[in-house]
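Trainee: Protein chains in written order, with my numbering: chain A, 1 to 511; chain B, 1 to 268.
Calculated from the structure, these hints are not laboratory results. One should not assume that every hint holds.
Claimed, not checked - Only some residues are given here: those of chain B computed to face chain A with a beta carbon under 10 Å:
| no. | residue |
| --- | --- |
| 1 | G70 |
| 2 | L98 |
| 3 | S102 |
| 4 | K112 |
| 5 | R155 |
Stated by the list, open to error - Per label pair, the in silico range of CB-to-CB distance:
| no. | chain 1 | residue 1 | chain 2 | residue 2 | range |
| --- | --- | --- | --- | --- | --- |
| 6 | A | Q405 | B | R37 | 43 to 53 Å |
| 7 | B | E11 | A | A496 | 17 to 27 Å |
| 8 | A | G152 | B | R37 | 27 to 37 Å |
| 9 | A | E16 | B | A138 | 24 to 34 Å |
| 10 | A | L232 | B | K112 | 20 to 30 Å |
| 11 | A | L232 | B | A138 | 21 to 31 Å |
| 12 | B | K112 | A | E54 | 53 to 63 Å |
| 13 | A | S469 | B | P24 | 55 to 65 Å |
| 14 | B | A254 | A | L72 | 50 to 60 Å |
| 15 | A | G152 | B | F21 | 18 to 28 Å |
| 16 | A | G493 | B | R37 | 26 to 36 Å |
Quantities reported herein were computed from a predicted structural model and do not represent experimental measurements. Glycine included, C-beta positions come from ideal geometry on N, C-alpha and C.
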Amino acid sequence: MPSWLPGAMLLIAAWEVAARGLAGRYLLAGPVDVAVHAWANAGLLSRAAAITLENALWGLILGNLAAVALALVALALPRLAGVVAGLALVVFCLPLVATAPILRVLFGPGPGPQITIAALAVYYTTFIPLMVGLRAAPASWFDLIRLYGRGGATALVQVRAMAALPYLVAGLQIAAPAAILGAMIGEFTGADRGLGVLVIRAMRGLDVTATWTLATISAGVAMAAFAAVGALGRRLTPDRPEVLLTPPPATAAGPMARLAVGLLTVLAVLVLWWGAMELAGLNRFFAKRPDDVWRFLVTAPQAAAARATLGAAMAETLAWTLPGYVVGLALGAGLAAALVLFPAAAGSVMPLAVALRSVPIVTTAPLIVLALGRGAAGTMAIVAVMTSFPALVACLQGLRQAPGQVLDVFAAYGARPWQRLVHARLPAMLPAFFAAARMLVPAAVLAVTVAEWLATGRGMGHLMALSASTSNYNMLWSATALLAAVSALGYAGVAAVERRVLARYAPEQVS
Amino acid sequence: MTRSAVPEAPEIVLDAVAKTFDTPSGPVEAVAPVSVRLAAGQTTALVGPSGCGKSTLLRLIAGLEAPSAGTIAIGGESPDAVRARAGLSMAFQDPSLLPWRSLRGNVALALKLARKPVDRAAVDRLIALVGLEGFEGARPAELSGGMRQRAAIARCLVTEPRLLLLDEPFGAVDELTRGRLNRELPALWQARGTTALLVTHSVREAVLLSDRVLVFSPRPAQVAADIAVPFAHPRAPDLTRSNRFLDLCDQVSAALAQGEATRRMVAE
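The shape of chain A in the complex, shown without the other chains (with noise of 0.2 Å):
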């Protein structure tokens, strides 16, 4: 028997239970309903299915692409690697919610918007790995080839292109569920079929049934997506090493130059968003440039006005987000530490953990809206559900990290269980709980953005769904600098932290 099925029978089972047991005070269906309503739609929902999948598959390869170009031109100009990753989180942090309306613009029907923003959901966590894999090599190994008189090319191909591989996949296994859910939000867009679409339908004819089975079902189609690119990994690399730990790539040392790098990163963002639009010669009224923003912002007579408005939206988000990013994160940590104290549930809770990390914010997000209602609650649970699982999940691959024989020391002088965890286990966990909590920022945003334009109808994703919808192109694209730019500074201020905390507790990791 598999270590997981316990514990997703006992979650299945218990979901009938809070089914039938708080059917009237909440918005619930159970398992049982779910199985009778897809039987009775089997046809409808494997069509979409498969359109969203297609959608996705093609984002996931692009995305990847993508993701492999990056690492290379990092690599082979280590001055701008810094930059090339900057350019690249702000990239990762544009709101789905809003260029996915202003990609469905400039490609018109069709795919395109789809298969653009799955591309852009899996690219970063494919990037970030693979920037650490091609670099996870020992020197000695590269002495090897220079030994040999060979060069760069041939360092890649022998050594840094195996020795990333096992990065890569675990990178791929994040990539594959979001896809999927970049896939759905596209669809949201006005695309005429796949899951995305059958969702908002649901939603808006509040079809209880029908959301928690479109739900189960992407949920059940990530998780497949996550397993099968697992199960690929382990043939690739059978003996692959365990890789989540993710340092932040090597930038520049020192606070100067690191600011340096920031600026030349807002520098590179304003030159590449001008130079593209100005370049694909796409019109101003929807393709808004830096100094339309500027202009809206700052010069224009209503700028006041607006910069109130985003402001408020803003700080009403922020409200929302905060609080859900530290419960999540306390929650992830808390549980994984307190599974530690007993091994036996783990092996049940990890593998379910990391299935139901992969579960796309779009399903959750109407369903827990559905239970909880529109509220401050409600978006909360959302931002935690979103953030705890991963966290869970990198919190438990960082405390197995701890080396055997420290712990053997521990062991030897007959330490009690709680001693490990507090002195050897909790400082092995660090490095792997900060790449979680930086991860984690973009993610959180999404999720509260995705549950204000989908059902609350608050904070900036709503600004950002009814600019879309009143063409009101200037305050878009303003949202939409403004949230990357608040996204990319909380991913660099975790990385602040990360750097001071790590350069104690795992100085090995910050060299």
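Using the hints, position chain B against chain A.
Mentor: Okay, now just chain B, sitting in the frame of chain A:
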């Protein structure tokens, strides 16, 4: 390739070679100016306290590091030029086998990198010679530390280099195997006429394998003693029990101890 096309074993000339590393806590002088001439076809053993800069000296000769001062000539060429035509081999302290390649694949990799044809039978013969017959298909993770080190030695020898740099090649090898390798491997490179440099911590091994022992002082590396080993090759197994052999060992040990005593005096 015919025998006559193979380049001669090179003479190595170090002229006031020094190396200083820049570290966060200031510059560290690893090698003080060293001038020494190593005859073609000879095996020279480098002994000295841990961290004295012997490995750095080897890396300088291999061209993996650039000297801060002085010049190195290998048969009249620069280390970079020799390296560019794969004219030397080095066995690192760490076996540095690629984990995704089999033992055979790791040994053959050196031939591939050196742009030489891969002769599978020759690769397997060398693997057998270092006592790893039957493990040709094994991954490095399946081998013990000593076995991995022997694989690295095989990889180092497979290109039939004229210059061989061995950085504590037998450190992790068990005593019994080490004795056998000490008998069999030097014969292999000495019969071919190879200039060899061997870093070792074993005084006995240094005297047994080499024609000359250079004793280094504590960091920065400086030649504290230069001791000729006058025994002809191949050396008989009972040589190690002869008085002349034991006297030479004592001489090397005394030079090592003196270097250590000097360092303590300087420190105090």
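Trainee: CB of E16/A to CB of A138/B, is that within 24 to 34 Å?
Mentor: violated, 51 Å
Trainee: When the nearest CB of chain A is found for S102/B, is that gap smaller than 10 Å?
Mentor: violated, 13 Å
Trainee: So, K112/B near chain A? Judge it on the closest CB pair being under 10 Å.
Mentor: Result: holds, 8 Å to nearest chain A Cβ.
Trainee: Mind checking the hinted window 17 to 27 Å against the Cβ distance between E11/B and A496/A?
Mentor: violated, 56 Å
Trainee: Against chain A, is R155/B within 10 Å by beta-carbon distance?
Mentor: R155/B check passes; min Cβ-Cβ to chain A is 8 Å, inside 10 Å.
Trainee: Mind checking the hinted window 43 to 53 Å against the Cβ distance between Q405/A and R37/B?
Mentor: The hint (43 to 53 Å, Cβ to Cβ) holds, given that Q405/A and R37/B are roughly 46 Å apart.
Trainee: If you check the beta carbons of L232/A and K112/B, does the distance land in 20 to 30 Å?
Mentor: Given a distance of about 28 Å, which is inside 20 to 30 Å, the answer is holds.
Trainee: Do L232/A and A138/B keep their Cβ atoms within the hinted range of 21 to 31 Å?
Mentor: Since L232/A and A138/B have Cβ atoms about 25 Å apart, the given range 21 to 31 Å holds.
Trainee: Go ahead and decide if the range 27 to 37 Å is satisfied by the Cβ distance of G152/A to R37/B.
Mentor: holds, 35 Å
Trainee: Note whether the CB distance of A254/B and L72/A lies within 50 to 60 Å or breaks it.
Mentor: holds, 56 Å
Trainee: Should the hint that K112/B and E54/A are 53 to 63 Å apart at their CB atoms be regarded as holding?
Mentor: Given a distance of about 41 Å, which is not inside 53 to 63 Å, the answer is violated.
Trainee: Taking 55 to 65 Å as the hint, is the beta-carbon distance of S469/A and P24/B inside that range?
Mentor: With Cβ atoms ~56 Å apart, the hint holds.
The structure is inconsistent with the numbered hints 1, 3, 7, 9, 12 and 16, although it conforms to all the rest.
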